Amino acid sequence: MARLDEISVADILGEEPGSSNDVKGTRSFVLSYLRQNPEGVNVQMVSKFANISETRARQILGELVAQRELFTRKLAGMRDHIYYPNGKLIHKYLQDSRDFGDQVFRLSFHEGRRTPLLQIQERRFTLMDGEKVEGSIFVELGYVRQVIQFLEDMLTKFDQFEETKRLKEK
Amino acid sequence: MKRTTLVVEQQVQKQKLGTWTGPDLGLSTKSGYLIPYGKSSEDMEVFLRYSNVLKDGQFVELCGFSIYTMVKRATALEESFPFNDFRSAHPVLVSFPPDVIWLGREKGAEVLNDGIEELLPPGEQGFEPSEVAQIAQTFSELARSSRKTYGFWQGIVQQRFRGVKYSKLLMEYAFAAASRVKAKAMTGIVPVIDPATPGSVSMAHRTNLAYIHHQNDLLEQGASLVPAYLYTIQLNSGMVKPDKWTPRHRRILQNAKAALQLESQTGLDGVHLSVRGIDRISQRRPRVAVLLRFIDGLREICDDAKLPLFWGRSSLAGLGGLDYGVDYASCPINLGGGDVYSDGGPRDELPKFGNLLNVHSRDIWNRDQLVLASEQGELPDLGNVRNMPTDTELENPHDYRLHFSKPYNVAGIRYLAEDWVSHTRGGEIEPGREYLQTFDGFAGWSAH
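Chain order of the listed sequences is A and B.
Okay, so the first sequence: first residue is 1 according to the numbering used here, each after it adds one.
Okay, so the second sequence: first residue is 171 according to the numbering used here, each after it adds one.
Source of the hints: derived by calculation from the structure; they are not laboratory data.
Each hint should be verified, as a subset may be incorrect.
[Stated by the list, open to error] Coverage of chain B stretches by chain A, computed from C-beta distances (three or more under 8 Å per stretch; other residues unrestricted): (1) 299–310; (2) 382–389; (3) 561–567; (4) 575–584; (5) 604–616.
[As the list claims (entries may be wrong)] Computed beta-carbon distance windows for the label pairs: (6) A:Y93 <-> B:K242: 32 to 42 Å; (7) A:R145 <-> B:F331: 14 to 24 Å; (8) B:A303 <-> A:Q149: 23 to 33 Å; (9) B:E276 <-> A:F49: 19 to 29 Å; (10) A:G77 <-> B:A259: 56 to 66 Å; (11) A:Q149 <-> B:K476: 51 to 61 Å; (12) A:L107 <-> B:R420: 21 to 31 Å; (13) A:M1 <-> B:M558: 38 to 48 Å.
Just so it is clear, the structure is predicted and the values come from calculations on it, not from any experiment.
The beta-carbon is built from N, C-alpha and C at its ideal position, and this holds for glycine as well.
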């Protein structure tokens, strides 16, 4: 066994610190693979690449689709679905999340095909499961302010509705 | 760029009052405070049921190895006492006491096994639940077989499971435990430092650096729920010998300083100290003198970095630590300063009722002492909590602890915390040591 003072940080991490072959979870591993293959991959390719069963590969791909990290298409003449990556995060600082009661919203800017995209991801925290992704939407950067205006318009509409309801009750 | 900053608002010699803030973490908490420490699911139930006794906005420290059982209890109570309400009002710090791995006792090995089985996320690593069970068993076997040695630490850097180092898996587990309760801050699971093994100093330091790298990676990947990491120093009681200041103490301080001065210190937000055997140390001034010198060294390092110094499971001795610049000291709500997990509970009936803090008479009472004293008068009224047990509680140890002594102790810890703050605001020097000098068992903290 190694002497205690001979054990390095890299020994503890099982890697060279900061190296690109970082030991990540299978899900991150699959996501990196998809991002390196923007032309799309199928379940068999993922299963072979990550050395996991096809069932497990399909499960992970399904989860990543639910999280809007990937999208999927069924091409004519092909038996299986093809999975494609959604845009990757532009910069780590362009990502932030805030809690609103049980709901957590993570906002992040991603590279899009034509224009950057704002991803709004809804997460939920429960004691049993910790924090889980519920789903997400993408808004093209050019429309973000208009969507904010749309939200405000809807809030005004709701307030007016409540006000009218109160007046009727009186 | 670090994620948090400690702003000192008032200083009286070494003692400080301030605010620890971190907008990314949603953190803004007053510092210079004695906080409660919970080690079990029963303690979690006390916090949830009697959260009105805790100071709003103030930290609670939880034992990381018990998170899995605390979560179960909190889930059972969720409808009446929502955990989300609790954690919104009280930021959580998760720490991992050293006795689980150092002593390798049966109880400690069990909680290590069960905690890993419950919390190590199989989805993230791609492990099947049966594989996680295998991993958990390996950890607990390593702990059992390397009592009071460093075999556990040598084993986990040597062995891999499907290509992943066990040392890395242990880090994943620590983060999973802290994330499960949405902790704002956490310590690592690091080797305790023992004078008989000089290599433990560098091993503890490198384990901390590994956590910082891991933390940076998580932040880099945009992971959510990444708590502030506290550089973790765990001392065996043999490191605090009477009037014995050694090069090893200096080395530990140098290491902590180097870590806090790392250029890329995104993943490091303070220092957390814990000392085994604080009850015995507190009885002797020459031992307390060494501990205070060490705390003073850490204070200087933390002050320079504008980051907080925590002293975990300090018991009431934490009040003396606050005098020397500790920003948060925690006191277990059963008032014990010893190891967290022991094999088997007490066989006699009386110890099952636990301890009760009388802040005015500066004493810790068992149930019989309370009954005797109550003939002369009541315990001090600390607000928000009953100061006398019911007849049923006097007959039932579980009810007594859950509904009377532990909530009352939480109120007592808050009372002492606020009293210390108030004296410091008034410019009084070393009010903690002043209080402790006439407290039975803390004679070593006497300033004179």
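inquiry  = Hints numbered earlier in the text: which of these fail when held up against the supplied structure?
reply    = Failing hints, ascending: 1, 3, 4, 5, 7, 8, 9, 11, 12 and 13.
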